[in-house]
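Peer 1: Residue numbers (UniProt numbering), protein chains in the order written: chain A, 1 to 562; chain E, 1 to 171.
None of these hints come from the bench; they were simulated from the model.
Nothing here was measured: the structure is a model prediction, and the numbers come from that model.
For glycine and all other residues, C-beta sits at the position ideal for the given N, C-alpha and C.
All clues stand as given, with none of them false.
Label pairs and their computed distance ranges (CB to CB):
{"#": "1", "chain 1": "A", "residue 1": "GLY218", "chain 2": "E", "residue 2": "GLU54", "range": "40 to 46 Å"}
{"#": "2", "chain 1": "E", "residue 1": "LEU82", "chain 2": "A", "residue 2": "HIS294", "range": "34 to 40 Å"}
{"#": "3", "chain 1": "E", "residue 1": "ILE107", "chain 2": "A", "residue 2": "ARG104", "range": "48 to 54 Å"}
{"#": "4", "chain 1": "E", "residue 1": "MET124", "chain 2": "A", "residue 2": "TYR173", "range": "53 to 59 Å"}
{"#": "5", "chain 1": "A", "residue 1": "GLU228", "chain 2": "E", "residue 2": "LEU19", "range": "47 to 53 Å"}
{"#": "6", "chain 1": "A", "residue 1": "PRO103", "chain 2": "E", "residue 2": "THR128", "range": "44 to 50 Å"}
{"#": "7", "chain 1": "A", "residue 1": "LYS377", "chain 2": "E", "residue 2": "PRO16", "range": "52 to 58 Å"}
{"#": "8", "chain 1": "E", "residue 1": "GLY39", "chain 2": "A", "residue 2": "ALA111", "range": "30 to 36 Å"}
{"#": "9", "chain 1": "E", "residue 1": "PRO16", "chain 2": "A", "residue 2": "LYS287", "range": "39 to 45 Å"}
Read off the chains here:
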Amino acid sequence: MKLTGAQILCESLLKEGVDTIFGYPGGQVLPLYHTLTQYPKLRHILVRHEQGAVHAADAYARVTGRIGVCLATSGPGATNLITGLANAYIDSVPMVAVTGQVPRAMIGRDAFQEADITGITIPITKHNYLVMDIGDLARTVKEAFYIAGTGRPGPVLIDLPRDIQQEVTEFHYPARVTLPGYKPTLAGNPLQIKKAAKLLAEAKKPVLIAGHGVRISGAYLELKHLAEALQLPVITTLLGISAFPESHELSFGMMGMHGSAYANMAVTGCDLIIAVGMRFDDRATGKIAAFAPHAKVIHVDIDPAEIGKNVKVDVPIVGDVKAVLVELNKEIAAKRHDDWLAQIRDWKQQFPSGFEIRESSTILPQYVIRKIWETTKGDATVVTGVGQHQMFAAQHFFYDKPNSFITSGGLGTMGFELPAAFGAQTGLPGQTVWCIAGDGSFQMTVQELGTIRQENAPVKIAIINNGYLGMVRQWQELFYERNYSATPLWCPDFVGISQAYSIPAECVTQKTEVVPAIERAMAAQGPYIINFVVEPEENVYPMVPPGAGIDQILHEPGKEAS
Amino acid sequence: MASNKHTIVALVADRPGVLNRMASLFRRRGFNIDSIAVGHSETPHLSRMTIVAEGSDTQVEQIRKQVEKIVDVIRVQDISGLNIVSRELALIKVKSTPETRSEIMQIVDIFRAKIVDVSADSLMVEATGDEEKVDSLYNLLKSFGIKEISRTGRIAMARGDQGGRRDEGDV
Numbered sequence: 001m002k003l004t005g006a007q008i009l010c011e012s013l014l015k016e017g018v019d020t021i022f023g024y025p026g027g028q029v030l031p032l033y034h035t036l037t038q039y040p041k042l043r044h045i046l047v048r049h050e051q052g053a054v055h056a057a058d059a060y061a062r063v064t065g066r067i068g069v070c071l072a073t074s075g076p077g078a079t080n081l082i083t084g085l086a087n088a089y090i091d092s093v094p095m096v097a098v099t100g101q102v103p104r105a106m107i108g109r110d111a112f113q114e115a116d117i118t119g120i121t122i123p124i125t126k127h128n129y130l131v132m133d134i135g136d137l138a139r140t141v142k143e144a145f146y147i148a149g150t151g152r153p154g155p156v157l158i159d160l161p162r163d164i165q166q167e168v169t170e171f172h173y174p175a176r177v178t179l180p181g182y183k184p185t186l187a188g189n190p191l192q193i194k195k196a197a198k199l200l201a202e203a204k205k206p207v208l209i210a211g212h213g214v215r216i217s218g219a220y221l222e223l224k225h226l227a228e229a230l231q232l233p234v235i236t237t238l239l240g241i242s243a244f245p246e247s248h249e250l251s252f253g254m255m256g257m258h259g260s261a262y263a264n265m266a267v268t269g270c271d272l273i274i275a276v277g278m279r280f281d282d283r284a285t286g287k288i289a290a291f292a293p294h295a296k297v298i299h300v301d302i303d304p305a306e307i308g309k310n311v312k313v314d315v316p317i318v319g320d321v322k323a324v325l326v327e328l329n330k331e332i333a334a335k336r337h338d339d340w341l342a343q344i345r346d347w348k349q350q351f352p353s354g355f356e357i358r359e360s361s362t363i364l365p366q367y368v369i370r371k372i373w374e375t376t377k378g379d380a381t382v383v384t385g386v387g388q389h390q391m392f393a394a395q396h397f398f399y400d401k402p403n404s405f406i407t408s409g410g411l412g413t414m415g416f417e418l419p420a421a422f423g424a425q426t427g428l429p430g431q432t433v434w435c436i437a438g439d440g441s442f443q444m445t446v447q448e449l450g451t452i453r454q455e456n457a458p459v460k461i462a463i464i465n466n467g468y469l470g471m472v473r474q475w476q477e478l479f480y481e482r483n484y485s486a487t488p489l490w491c492p493d494f495v496g497i498s499q500a501y502s503i504p505a506e507c508v509t510q511k512t513e514v515v516p517a518i519e520r521a522m523a524a525q526g527p528y529i530i531n532f533v534v535e536p537e538e539n540v541y542p543m544v545p546p547g548a549g550i551d552q553i554l555h556e557p558g559k560e561a562s
Numbered sequence: 001m002a003s004n005k006h007t008i009v010a011l012v013a014d015r016p017g018v019l020n021r022m023a024s025l026f027r028r029r030g031f032n033i034d035s036i037a038v039g040h041s042e043t044p045h046l047s048r049m050t051i052v053a054e055g056s057d058t059q060v061e062q063i064r065k066q067v068e069k070i071v072d073v074i075r076v077q078d079i080s081g082l083n084i085v086s087r088e089l090a091l092i093k094v095k096s097t098p099e100t101r102s103e104i105m106q107i108v109d110i111f112r113a114k115i116v117d118v119s120a121d122s123l124m125v126e127a128t129g130d131e132e133k134v135d136s137l138y139n140l141l142k143s144f145g146i147k148e149i150s151r152t153g154r155i156a157m158a159r160g161d162q163g164g165r166r167d168e169g170d171v
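Input sequences plus hints: build the corresponding full structure.
Peer 2: Here it is, written out as structure tokens:
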């Protein structure tokens, strides 16, 4: 049967199992939008800005493990995807973005709403396509989904000229892809795995660092088995949070700039690191020259280019985390490291800072997060923006549920939380999604309240409102002579804004009202917003100053080790 | 970490934008490309690129791995450590007068280069060889006055069967 390009795209999306598209219409995708109504199985969700579409698709992909799909028109529609594509690229999120393009005959003539989106997105997509022949369309979609979802996942963009959406041809969906230049390695090299097992058997003070790759690969049980069999202290990166239950006795929390002191000291003092699905980001490692000076390093990652990129590696293992851990677990014998674990627990006793919340008459941001954790009993997916509230959400909510912490790690995208919380809720209907927002970050994508209202998504939104761009202010306080340049932030009446969007909301200024407000939010059927007015100049501790080694820890004043 | 010139050879799909992807990757990772040369390979729809870039072994290894990730790149190899043949082609238009013409022709002859065009006041010289040879010829011709020069950049291949295969077992 002959189909139009627009129909071919829709049929292909159905073949890939897509049921949800986040998008925004425009001139060069009109044929596609005209066709979408013939495909009721493809639920199109209208966002308020293309950036909302790409972040929603991103979080949808992270919570479901499926490929997020977003759709935008040419030119400004396409360029509004840039931040979200870069975000998905650096955090390895599987995504297919479809953009409209001006008709082929107009390409290169600076036509109305023309942008060279494939040129622009080369450095921030795993791969991209400009479809110039309708005969290539079905194959392109097949390849795009395959590339986005296999190996190290990432965003793939398909740019589709308007005339191709209207052209007609026979539809054949290819059964398989042929990409001679693309062959991800899934199984780890058996010899390297044996070497790793040997190092693990010899180590006296080993540390297991779990990253995002554990979550992407779904290797929770394999990781737990490895940690328990060898009694390894487990430390996570920011994106590794919720890869390992934090209530586990072997869990020692997050490392890095705002990681716990004892996690950073364990990494600094260890004699062996087994790093699993993480990429040694500078926010995790601190100054590389001072990073784990006594340690040998085993690095498991699906991307060969990650190995040896930032840190010298003794045993490289390229492969899918789960596949590698299954094999590694066969090679190991049970072992204990009681002295080493006792040492780390001792550090934990000495430096509990960051996890104790001091008494305060005002509402502390940490207190809000802790109460959300207690009230939900931890049974929630937490989505954050970027800044102080993000770090408090990482430190003070304890994640036992696998894959329950969704945050913009690598790119640090302010404004991620609201559309991402909506995307996560779309992927997890019936489950509790809490959006932890900063007053600054929230205002970057506040218009997505319209999407949340239109879809009646029951997202619970906690704005941690300190009246500042909090993390920047903290740096100004500590490193720029308290010169608060451009960080005090006038905020609108968030309750009034919520009312305008017909979303129930309240403002909490009293500590006694924190828990009742959280309970009211949870009891509400649909979305609910709480504006928590918190202590304006609260800082995130512990903190490793930028450029220092991760054991050079700034503790909260008055909480240095006794 | 010695910083030196590396010769990287890549077999790539012959599609629009591949050169852009490659150049963009080098630029983004802070690498300067000394030269890049592309042409058809022995296989239809595949091209072979020779890239010369300067950097430490670790840096170049990182770039090689990043290049390998480009979907349109079939395989890539740093052949610097191997026994290789490398060539570049240069066309040099040099000023000449009836008095200097024979002297220029002698120099060209010594370098086994060729005169490919003659005009009243210039000669065009075609030279192939490694960069040093082309440089030496250029330096000698300079004293006569160079009107124009065009060089291809390096193309290279490993001798025997050292190259041409995917690197096995590396990461």
